[in-house]
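First to last, the sequence lines map onto chains A and B.
All the letters of the first sequence, read from the start, carry residue numbers 1 to 415 under the UniProt record's numbering.
All the letters of the second sequence, read from the start, carry residue numbers 1 to 157 under the UniProt record's numbering.
Be careful, since some hints might not be right.
Dumping the calculated DSSO-like pairs for lysine-lysine here, alpha-carbon to alpha-carbon at most 27 angstroms [claimed, not checked]: (1) Lys81(B) x Lys374(A); (2) Lys133(B) x Lys27(A); (3) Lys378(A) x Lys133(B); (4) Lys81(B) x Lys96(B); (5) Lys81(B) x Lys139(B); (6) Lys97(A) x Lys374(A).
Simulated from the structure, these hints should not be mistaken for laboratory data.
The model shown is predicted, which means the values in this text are computed figures rather than measured ones.
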Amino acid sequence: MAVSTDPLDGTLLKEQFPLLSREVHGKPIVYLDSAATSQKPLSVLDAMDDYYRTINSNVHRGVYMIAEEATNRTEMARALVRDFIGARSSSEIIFTKNATEALNMVAQSWGRANLSAGDVVVLSHMEHHANIVPWHMLVAEIGIQLRWIPLDAEGRLDLTELDTLLDGAKVLSVTAMSNVLGTMNPVRTLTDAARKAGAISIIDGCQSVPHSATNVQDLGADFLAFSGHKMCGPTGIGVLYGREDLLEAMPPFLGGGEMIRDVRLDGFTTNELPWKFEAGTPAIAEIIGLGAAVEWLNGVGMDNIRAHEISLTEYTISTLHQRFGDRIRIHGPSSPLERGGVFSFDFDGLHPHDISQVLDQHAVCVRAGHHCAKPLMKLLGIGATARASVYVYNDTADIDALADALDATGAFFTL
Amino acid sequence: MPGLEDLYREIILDHYRNPRNRGELETPPAHRVEGFNPLCGDEIVLYLDLDADGRVADIRISGQGCSISQSSASMMSAAVKGKTIAEIDDLTRAFKAMMSIHENSLEGAETTDPIEAPDVKLGDLEALRGVVKFPVRIKCATLAWNTLAQGIEEASA
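Whenever a hint applies, use it, and build me the whole structure from the sequences.
Right under this line is the structure:
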């Protein structure tokens with residue numbers, strides 16, 4: 001059915017993910033919620049386990065061997081992340097708790113230092129709450145103004161008024177890919193327009209970085225935020241990429257150990273980048289796990305992953321439409337080339353909670369709710385959607401299982 | 001493993017497909033109150049008309065939600081119409097006791113002693129007893145009740 005070739009077809013990737021071999025309600029699990037969090041390959045679990053078993057010690061300033069090893073491994077992970085997104089220097093890779101913390105760091109540190117009452121920040125109608133609420137907080141605190149890029153009928157950004165929206169703006173902060181619609185946004189067009197208008201650009205890469213090759217130079221982004229746990233890495237670790245000159249000029253976010261060069265009774269001076277923004281003992285095992293995840297993704301190849309997901313997207317959309325016709329409505333762009341493997345759908349007029357409850361009985365894991373994008377839900381005129389999302393380890397059999405389970409769901413709720 | 005039939009009793013599906021007291025009331029005299037379930041985005045708008053004796057003269061419900069939250073709201077609206085605030089308070093406590101007995105046993109408590117509940121007939125609402133086997137959905141079932149409590153408090157303030 002799929003017309004594009006899938007470079008990962010038959011590569012048995014599932015076997016590398018221990019969780020995917022378990023059963024739920026007596027049936028093999030069908031995991032279709034990777035937009036919320038991805039599963040972890042054995043190599044990531046092993047890397048974290050190995051840290052705790054063989055080199056567990058605090059990083060930096062330890063003069064003994066295992067502390068040096070732990071330090072080396074975290075800094076190796078930073079270099080892997082740096083190369084993974086095409087950053088120029090490890091100084092530009094700040095480890096955070098997650099993408100949410102990374103976005104808050106930019107808003108709180110860069111925003112408070114550079115924004116004043118009346119300054120304009122441009123967001124879009126498809127943002128995750130993590131790229132809305134930090135700015136609302138600055139509205140309350142500083143009195144900045146927010147402008148919103150609207151969407152077209154297929155759930156793409158409507159850029160016809162972009163230059164007007166950016167006129168006089170200080171910040172453009174948008175997602176590279178919608179976690180609800182799957183829409184992949186033209187990031188370079190956006191960052192070019194922002195630069196022309198004199199605004200900095202912040203990209204939420206949570207959904208895009210795990211699924212396609214990323215190069216911050218090509219994207220033209222000043223800041224890029226993403227989470228480790230959506231890209232085969234552990235929870236509790238995220239990344240803020242920032243252009244070095246911008247990071248240098250920013251005040252620190254959290255104060256404490258690690259982020260200082262000197263502390264006196266009358267003040268302090270900050271450490272150099274990136275540690276200036278990494279107060280306290282970092283999430284060492286998680287950093288090492290993220291490094292292992294990047295190595296694993298590199299081994300598969302990000303271009304292969306993107307091609308696999310385009311192929312699976314074609315299959316998903318055509319299968320669901322063929323089997324259910326008008327009973328299903330999939331939100332977002334219809335072209336697989338304009339979207340990622342995130343499928344929010346309405347089915348049979350049923351509530352997403354009810355859908356996901358019945359799907360769970362068939363061991364099919366999907367998400368139901370507003371997906372932390374309430375302004376978008378309001379725009380779509382719905383309270384919630386059911387959302388299936390795929391990743392590198394999913395295959396057409398998973399989609400067939402989803403379709404079978406939806407069939408059963410429809411039958412269950414029909415009189 | 002609790003089956004789907006425990007959760008979706010026929011009477012629940014009936015209230016979901018044919019919700020009672022659906023709609024709006026003119027405000028004032030009616031009082032309007034909104035309730036949200038931040039987890040799933042469900043929202044309920046409740047219109048409450050209390051008469052001079054403190055009875056629910058009329059009640060209407062709008063908003064959107066899953067079969068559990070909608071049917072719970074529908075059954076609740078039928079159950080509280082014509083009742084006094086004190087009677088509704090008893091009913092609410094009885095309903096919540098039914099929902100929370102299982103919450104306790106989930107936390108590992110040995111006993112299934114019911115939380116002190118007023119001796120009230122729950123009628124159709126008994127059908128929602130199966131919800132306690134699906135802890136994530138308890139909030140769906142209680143949304144309408146929490147909203148009603150807020151509405152009564154505001155309306156009689």
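Against the structure, the hints:
no.	hint	in the structure
1	Lys81(B) x Lys374(A)	violated, 33 angstroms
2	Lys133(B) x Lys27(A)	holds, 20 angstroms
3	Lys378(A) x Lys133(B)	violated, 31 angstroms
4	Lys81(B) x Lys96(B)	holds, 18 angstroms
5	Lys81(B) x Lys139(B)	holds, 23 angstroms
6	Lys97(A) x Lys374(A)	holds, 23 angstroms
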